[in-house]
Every structure is written in structure tokens, then in C-alpha cells.
Amino acid sequence: MSLPEENKQKVPRLNVELWRYADEPGQLIPLLQAAQESYGYISETAIKYISGVTGTPESEIYGVVTFYKQFRLKPLGHFLIRLCDGTACHVNDAKTLKEIIEDELGLEDDDTTDDGLFTLEEVACLGCCSLAPVIMINDKTYGRLTPQSLRKILRKYKKEGKAVLAQREGGN
Amino acid sequence: MTTITVGTGTCGISAGADAVLDALRSGLEEGGLQDVALEETGCMGMCYREVLVEVKDDAGAFLYGEVTPARVTRILEDHVKGGKPIDEWLALDDEGHGSETSFLEKQKRIVLRNCGVIDPTSIDEYLELDGYKAIEKALKEMSRDELIATILDSGLRGRGGGGFPTGMKWKFAKASPGKKKYVICNADEGDPGAFMDRSVLEGDPHSVLEGMMLCGYAIGADYGYIYCRAEYPRAIDRLKKAIADATERGLLGDNILGTDFCFNLRIKEGAGAFVCGEETALIASIEGQRGTPRIRPPYPAVKGLWGKPTNINNVETLGNLAWIVLNGPEAFASMGTEKSKGTKVFATAGKIKRSGLVEVPMGISINEVVFDVCDGIKDDRTFKAVQMGGPSGGCIPASMGDIKIDYDQINQTGAIMGSGGMIVMDDTTCMVEMARFFLEFTQNESCGRCTSCRIGTRRMLETLERIVEGKGREGDIEDLVELGDHIKATAQCGLGQTAPNPVLTTIKYFREEYEAHIKNGKCPAHSCSLLVDYIVNPDNCTGCGLCARDCPVGAISGEKKQAHLIDIDKCIKCGKCITVCNFDAIYKD
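Top line first, the protein sequences correspond to chains A and B. Numbers 0 to 171, taken from numbering that gives the first Met the number 0, label the letters of the first sequence in order. Numbers 0 to 588, taken from numbering that gives the first Met the number 0, label the letters of the second sequence in order.
Rather than coming from a laboratory, the hints here were simulated on the basis of the structure. Some hints could be false.
Unchecked claim - Pairs of lysine to aspartate or glutamate, EDC-like flavour, derived with a Cα cap of 20 Å:
1) A:K97 <-> B:E94
2) A:K94 <-> B:D583
3) A:K94 <-> B:E464
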């Protein structure tokens, strides 16, 4: 398994952390966080690599990775939609928002669209309860959503997504 | 000298504070107002009015709510240049005018004393307001036992939810033999719908550091960890800055303030697991393992991080400490009820008008918080219940609204004080669905170690899922109660033992709602989508045909420009028509 070209220059960040903390106990989670920050997810390569340097068995690392919600074993889409399902958002009908997102993006079993553009992640609380119901798309927060306003926002991103795809095609 | 301050906590940023800051910056420049200072501050508590901007000049301080870049121009023209405050946007001024005066009337701010007042990135502003004076007083004038006695006398109890007396905890940790001890700040605020700790970390990080130092001195620890959710990037940034600044000033490190007290701090980012709020799970997580709790005893005070005596306190608890040391335990104990002293911070959200951060003295009633401080229910609907304590807590019905905020009184209802999430519900919230929601959460977060939690919560969840789908059976309620009691009695850790609370309290107070679902197949709150009928309101329907086109089973028909009709027999109750309608013409009955 080789690293995607675009991520190769980011390898040192994990490397630096890895060698700096290799001997210090309790560094597994920070190392995994560094790996995920570099690649967007925890790849098989990363697990093997960390295991090789720290001496922690791969099985144990996998156990830690799957225990915590933060870690992903699959790459993220271009747009990460974080849907808040905290109590305040839930009371304000976050469930309907989820259905709308799945409907608009055509998500069924998987959390990422086939074209790799969108990933939908449900999170426990984004912490802006006063704006409920809330979603975040990449770093931007959208609050006080209604079904109608959400559909509008999603359609805007779908348009942007098409441009991203066109660029990718052009780049190849 | 005029100062403009913008609230840039997470809630402010989410509401668009960055754009407002940009507009102010360029507006000041273009208007030749270079001598006006532009500052940032943490959460002011009025999250419902974000973005908040305060203009402070010789005439006083004026706080504006719902500021947008478009409104900035007029604030600069009329107020900053013209000296005329804009009354219609005024939330509050320091003479008690404005729309939000009643929000603060019954509040008493100890933990939030500096939040929204100081620039959290400036150690000097914290120092100006008696910052690090408490640790100085403790180090130079108090013995370790005296410090512990002060905290004991104040009556401070753990604000993370459990309510264990903080001074007692310290006493145990100090009494444990061993040279190496640790202080941990639990900032893994996992309760969905609670954001008190985040606001304190973002708005006043130094007060938390000072609290940890006080604890370190008291128990004899020289090293501390702050275990903070990775989902709080802003809080982590502010903490990092605070630690760096305090270290630079010699307030952290070796021989602090010329004494032999040494203290160092490190941040550990959590990786997202609710159960890590439990002390022993949190320790496992810092050690780099899966965050599964272990059986206590031994308690962390005896055998904690790396096997050494460890004291863990929550952010809000730590935020109280400096104030107690400086103002004396009597001042703190003078507030509250017999067994619950001081104040409590709540994050209010849900169907409430003023959703934000409030700090009230213990002993105030739930009704006072909901109606006086938070101005009642959105759209003036009926107050139905308040959920306290998140997934470990329970629902308290509106009929018990006179209950006082007090650890023991709240416990008696079956809910718990919890960390301070207060979710208000109105008559459109289904309590069965609410119970299902919380159980789904704990079920997901169950670490899987002990059987009663792993399997018990799963069985309860399955039963609740059936009930909200209208497939409930006679005897379901009794099964839920029995199973819930078993889990409470046999689960290993706090998460498991409290997981049934949301279900048991809703059964206790809203049993008739469960029965309506099971016996009549009806959801009294018209919320459970499979138990309602979708109906077109002909007065609003314009006959645009959008819903008919999108209906997956072709259940909607009608002439163009005429009110449409939904065939109840064909309808699969997916709810799509409601979400595509632009005219609010479809409702659930």
C-alpha cells in the first residue's frame, strides 16, 4: 500500500513525533492523532509503521484505533459534513436533517459518496447548542437550519463538488 | 478611549464573529478611528444573541446582540463616532438598560467571573483581576492542610456530576504515600448538549491552571495533565497559550514564586469516547490504552495514573478554587442550600428562548432558571420537562419545576445534577423518543466490558425502538423497568449504572405517553414519524406539485395550483414531503 502522492510531503510530521516520543509511555494516541492529521485517516501502513517503531503490537494499536471515535480507517471525502446529533439538535429535529443529507447526496450504506466528494459524520455535539440544529461542512458552521435552507446549502456544495471533480479529471 | 470587544467563543465564531471582526477592522481603518481598540473575549453567556459586540467609552459599556457585518457600519457611525448608542439593538448596558437585563438578575458569577470580560489570550488581563493571587496566598500563607481545610469548609462538591466533596478527595490524595503524584483536569466534556467546560477553557483558561496548581500544592503533586476533547480545538489553543505564558512568567515550572513548589502541565487530547469522562477510563486513555474503566477500589487517589496517587477534578470545580481561596470559604458557603454550596453553571438549550450559559446560586428553583433567567419557552409553547445530567441523568417534569437546584433534591427525582446540561422540552417533544435517543447514545458509548451494560442497554434500546415504531407490546414497560433496575445494580462503572436513568425517569413521570404508543399506536407529541398521519393544510398549499413529484410512492395528488391531498393508505410516512415543501403546508397529526 503506497501513500497518495499529495500526502507524501506530510510524512515528516508523523516521523518527527514518532521518533521524539517513541520511548515515552502513553504516546500511542498522540501518534495516531499525528498520523490521522497527516493522511486524513489511519492507514494500514501507518499502523505497521507505528508498531515497528514503538514495539506496540499491531493488534493492540488496531484495538485502540477502533475504540475511539476520532480515528478513521478510511479516507475522508473532499467535503466533510458533520451533523450534530447532540441533545439540543436532536430536540430540534436533527433526524430530518440527516434524511435530507442522505437523500440529496444519495448516501445509503456508506458514509462517503462514491465519487469521494462528501463524507457524512454524525457527531455527539458541536457545542453551539444555541444555534441548533447545526451542521458543519469542513470548517464552516451552519446553524438554525430548516429543511429548505439545508437543501439549498447542499446544492451549493454539490455544484462546487462538480468543479472539484472537473479539476481532478483535468489534473490527470 | 473607546474599546470594542467581540465575543469569539465557539458559539460566537459559529454565528459569524470572524466576519464581524473583519468588518470592524476595516471600518475602523476606513473611518480614521485608529485610536479605537479592538479586542476579543470569551463566551459572555448570551449565545442566543451572538454575535455580541461591546462598545465601551466614556459614557459606559454597551452590549449589542445579533451583530452582522451590515450592522457594523451603523454602530461605528452612530455610536463610536456620533456618541449615540443604538437603543433597538442594545442587549445590555452597565446601567441596566436593554432587552437582556433579566438574564443576569438572578445569576451569580464565580466560575464565569472573567468569561466574556477579559481577553483570554492575555495573561496580563487575568493578572489584573487578581489572577494567580490565590496560589500566591496559598504558597506563602497557608500550609497544605490549611488549604485543604479551606476547600472542605467551603462545601465545594465535584461539578462533573458526581458531587463528591472536593476537599475530601484532596485529603485522600494527600494522605496516600508516595513521592510522585498527579493532578488531572477532566475536560472531556462528553455530554451532548453541554458546553460549560468549553466556555470556561476558552474564556478564562488561566483560572483552570491556577485551580490545578492549588490542587497540586495541596496534595503534593508536581505534574498535571489536562485531558481535553479533541473536538474543542479553540479551547486547546487557548490552553496551550495560557501554559506557555504562565511558564514564561515563572508561574509554572520550578520554584514557583520563589518557593520550593514546582508544577508542570501538559495537555492530552482525548480521541472521542464518552466513557473517558469516568476517572479510571480517563487514566487508561492518558496511558495510551483503550479507555475502559476498571473496578474501584483502588481509587485513583491511591493508585491512579502510572500507578501513582492521582487527583482528578472537573474544569468547573477547578474554576471555583481561586475564588474560594481569595474570598474565604465562608463567602462560598453562604450561597446555596445546606448540602450544596456555591453556584452551578448550566448550559441551557433546547426549546428555550435564551439558550446559553448561566451561572446561578444553588438553591434556585428550576422554574426560576427556565422562566426568569431564560425567559421561558420558544414560541411561548407549553413547558413540558427539563432534562438534566445528559445520558446519565433524567427528565424532570414541568409539574416539579419548583424543585431546588441542589444535589440531593435533584437526585430524589431520579435525575442527577450532572455536569450542567439543561435541555428544555416543550409539548412537541416525545418523551419515549427522548429516552430512546439517550439510550442509543450510551449504547454506542458502552465500552463493552461488562455484560449488564453491553447487553442490557442493547435490549432496552431494542424495546424502545419497537415502541417508537408503534410495535410496542403489553409488558414492555415492566420489562424496561426491571432491566433498568438490574443494570443500575450490576454495571461496573458510572456510565453503565446511570444509563437507564433517562428511561426510568420518563417512565416514572410520563408513563401515559409510553402507554399511548403501545396501546393506541399514537404519539401524543405528534413527533414519532411512524405514528402520525401526514396531512396537507389546504390554506397554505399553493399546488406547486413539488411534494407530489418527490413522493417515492406517489401518494400525493392534486391539480396544478390547487391544494393537494395525501392518500393515507399509500403513504409510507417517510416525511420527505414536509422537507421539500416551501410553504409549510404539510403537518403531522
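Checked hints:
1. For the proposed pair K97 of chain A and E94 of chain B, the alpha carbon gap of about 45 Å is over 20 Å, so the pair is violated.
2. The straight-line distance between the Cα atoms of K94 of chain A and D583 of chain B is roughly 18 Å, inside the 20 Å bound, and the hint therefore holds.
3. Of the pairs offered as hints, the one joining K94 of chain A and E464 of chain B holds, with about 14 Å between alpha carbons and a cut-off of 20 Å not exceeded.
Against the hints set out earlier in the document, a violation occurs for number 1 only.
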